[in-house]
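Engineer: On the provided structure of chain A, position chain B as indicated by the hints.
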Amino acid sequence: MKMAEAGESIKPLFAGLTDISISEDIPVEGDISVPVGSQNADNDFSTLDEPVKDTILRDLRAVGQKFVHVMYPKKSSALLRDWDLWGPLLLCVTLALMLQGGSADSEDESRPQFAEVFVIIWFGSVIITLNSKLLGGTISFFQSLCVLGYCILPLTVAMIVCRIVLLGGVGPVSFAIRLIIVTASFSWSTFASTAFLADSQPANRKALVVYPVFLFYFVIGWMILTFSPSH
Amino acid sequence: MSTPQGSKNTNAEPWGAFDDNVIQGSGSAVIDMENMDDTSGSSFEDVGEMHQRLREEEEVTAEAAATEEDTGEDGEFLGMKGLKGQLGRQVADEVWQAGKRQASKAFNLYANIDILRPYFDVEPIQVRNRLVESLIPVRMINFPQKVAGELYGPMMLVFTLVAILLHGMKTSGTVIREGTLMGTAIGTCFGYWMGVSSFVYFLAYLCNAQITMLQMLSLLGYGLFGHCMVLFITYNVHFHSLFYLLWLLIGGLSTLRMVAVLISRTVGQTPRLILCGSLTALHMLFLLYLHFAYHKMVEGILDTLEGPNVPPFQRVARDVPAVSNAIMNATMKSIAAIVQS
Numbered sequence: 001m002k003m004a005e006a007g008e009s010i011k012p013l014f015a016g017l018t019d020i021s022i023s024e025d026i027p028v029e030g031d032i033s034v035p036v037g038s039q040n041a042d043n044d045f046s047t048l049d050e051p052v053k054d055t056i057l058r059d060l061r062a063v064g065q066k067f068v069h070v071m072y073p074k075k076s077s078a079l080l081r082d083w084d085l086w087g088p089l090l091l092c093v094t095l096a097l098m099l100q101g102g103s104a105d106s107e108d109e110s111r112p113q114f115a116e117v118f119v120i121i122w123f124g125s126v127i128i129t130l131n132s133k134l135l136g137g138t139i140s141f142f143q144s145l146c147v148l149g150y151c152i153l154p155l156t157v158a159m160i161v162c163r164i165v166l167l168g169g170v171g172p173v174s175f176a177i178r179l180i181i182v183t184a185s186f187s188w189s190t191f192a193s194t195a196f197l198a199d200s201q202p203a204n205r206k207a208l209v210v211y212p213v214f215l216f217y218f219v220i221g222w223m224i225l226t227f228s229p230s231h
Numbered sequence: 001m002s003t004p005q006g007s008k009n010t011n012a013e014p015w016g017a018f019d020d021n022v023i024q025g026s027g028s029a030v031i032d033m034e035n036m037d038d039t040s041g042s043s044f045e046d047v048g049e050m051h052q053r054l055r056e057e058e059e060v061t062a063e064a065a066a067t068e069e070d071t072g073e074d075g076e077f078l079g080m081k082g083l084k085g086q087l088g089r090q091v092a093d094e095v096w097q098a099g100k101r102q103a104s105k106a107f108n109l110y111a112n113i114d115i116l117r118p119y120f121d122v123e124p125i126q127v128r129n130r131l132v133e134s135l136i137p138v139r140m141i142n143f144p145q146k147v148a149g150e151l152y153g154p155m156m157l158v159f160t161l162v163a164i165l166l167h168g169m170k171t172s173g174t175v176i177r178e179g180t181l182m183g184t185a186i187g188t189c190f191g192y193w194m195g196v197s198s199f200v201y202f203l204a205y206l207c208n209a210q211i212t213m214l215q216m217l218s219l220l221g222y223g224l225f226g227h228c229m230v231l232f233i234t235y236n237v238h239f240h241s242l243f244y245l246l247w248l249l250i251g252g253l254s255t256l257r258m259v260a261v262l263i264s265r266t267v268g269q270t271p272r273l274i275l276c277g278s279l280t281a282l283h284m285l286f287l288l289y290l291h292f293a294y295h296k297m298v299e300g301i302l303d304t305l306e307g308p309n310v311p312p313f314q315r316v317a318r319d320v321p322a323v324s325n326a327i328m329n330a331t332m333k334s335i336a337a338i339v340q341s
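Those protein sequences? They're chains A and B, same order as listed.
Residue numbers for the first sequence follow UniProt numbering, so the first one is 1 and each next one is one higher.
Residue numbers for the second sequence follow UniProt numbering, so the first one is 1 and each next one is one higher.
Okay, chain A solo, but in the shape it has when bound:
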């Protein structure tokens, strides 16, 4: 101990800990083995060997869980923590397929083409993300894309419902029903996405970030509302 104390002044920090001595009458026994890191690494790489069904099911389950988060927006950070872009892609493709029109010759009203809807959704999301980052947001680029994409879910559901309503005929009643449905789902989308996005902004600038989101979902909702089927 004396030597240790004398040595402490010239030895580097924590060197004194190596000099701890244990008295002989307490038996100390056991196995000092460091847990090998290779076991973890095997787990990391083993997803390559699993069957494709497992991979797809796992991803689908993650996407489904995020859908639930969007439909019941609470203050959870699951959407932000494990972001993925599968869900937005699925929703975007579904919406674009349902909204697309045929060639311009066949009908009087021109419906948006598949590419148009796709481009609107993705470029709209990119612009909103850039805007929120420029205003001083703390959320990352892909997290924001993920949130905006997932919050299109209520509008997709509204699209399906509108299509069903349109099977019953095109008239003022059906228009009123569709208007109510689309308005409700558009406000739901805006509310859900602001629940996730607004937290990352400084408090006094929330309105500046919410307005483009409102406009974005408004345009998509308007596209859904003015959709009319071909005969």
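Hints may contain errors.
Stated by the list, open to error - Chain B regions said to be covered by chain A (calculated; three or more residues, Cβ under 8 Å): (1) 123-132; (2) 149-159; (3) 163-173; (4) 180-188.
If you are wondering where the hints come from, they were derived from the structure by calculation, not from laboratory data.
Glycine is no exception: its CB is placed at the ideal position from the N, C-alpha and C atoms.
Structural biologist: Below, chain B without anything else, positioned relative to chain A:
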């Protein structure tokens, strides 16, 4: 406090992580600025050398340890395979980090959105004030008026105008053949904002006006607020007289404001005239165009089919062949009637 040369017991990894003192070869806490340059220790070549050196050192010690122990079980910490595997993974991780650092450096240099950050530094109350001010012409034109250089308000106004235009195009039943509805709307609005800003900035440069491109973009962007309001009202309420009234009133006010700001920043009668005349013409005519190009006027089509005396502004942007066929038929009929009489 200085650590002796080569002692690595303050580092995280057993083989020594990439601390600055390892890279720069000194163990002191005082960094020698003489040796500090950007690429030292962070370029791939340096990192590669470091890996090679450390790996060789570790392999030498591992070999020495392995020859001492005959029972080298697979996967044990000091075994050859375990050590190499673990070291390999750590090295790969560090290589990835170094690569990421390089890529993010390049990205920050060339694709830096932070260049635009100061132009978006606004509060909601400021945006609201500027929106209201864009309809109030200033009185003092003897000294230069202040123009806010921000881009948030103009961009949001352009997008709002796109949305309103889409609504107008849809309700008027416009059919766009070579293109899409959305593309046309975005092209029109952004084209106007950027194009007319650049044109007026060019004229301002010729006329020696004291205005920068950013200020011009901002000024014209806020001038679109009047357009948004007028179009929003008149795409839904179809009275021509109402439109003309609003065109003069609100369009005129927003144009007057822009003109007053430009006059206050220009010297000389002729330059002022040129600059303000062209801006007035472009701004007012754009509103006129937006209203009448996408205006729902079913009666206009009926008039075209029935009689030759069609008021010129009541044409709808429909398929050209259909309209021209109708006009041809009407003309042929009237010519036949004249010939026969």
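Engineer: Would you list, in rising numerical order, the hints stated earlier that this structure does not obey?
Structural biologist: none
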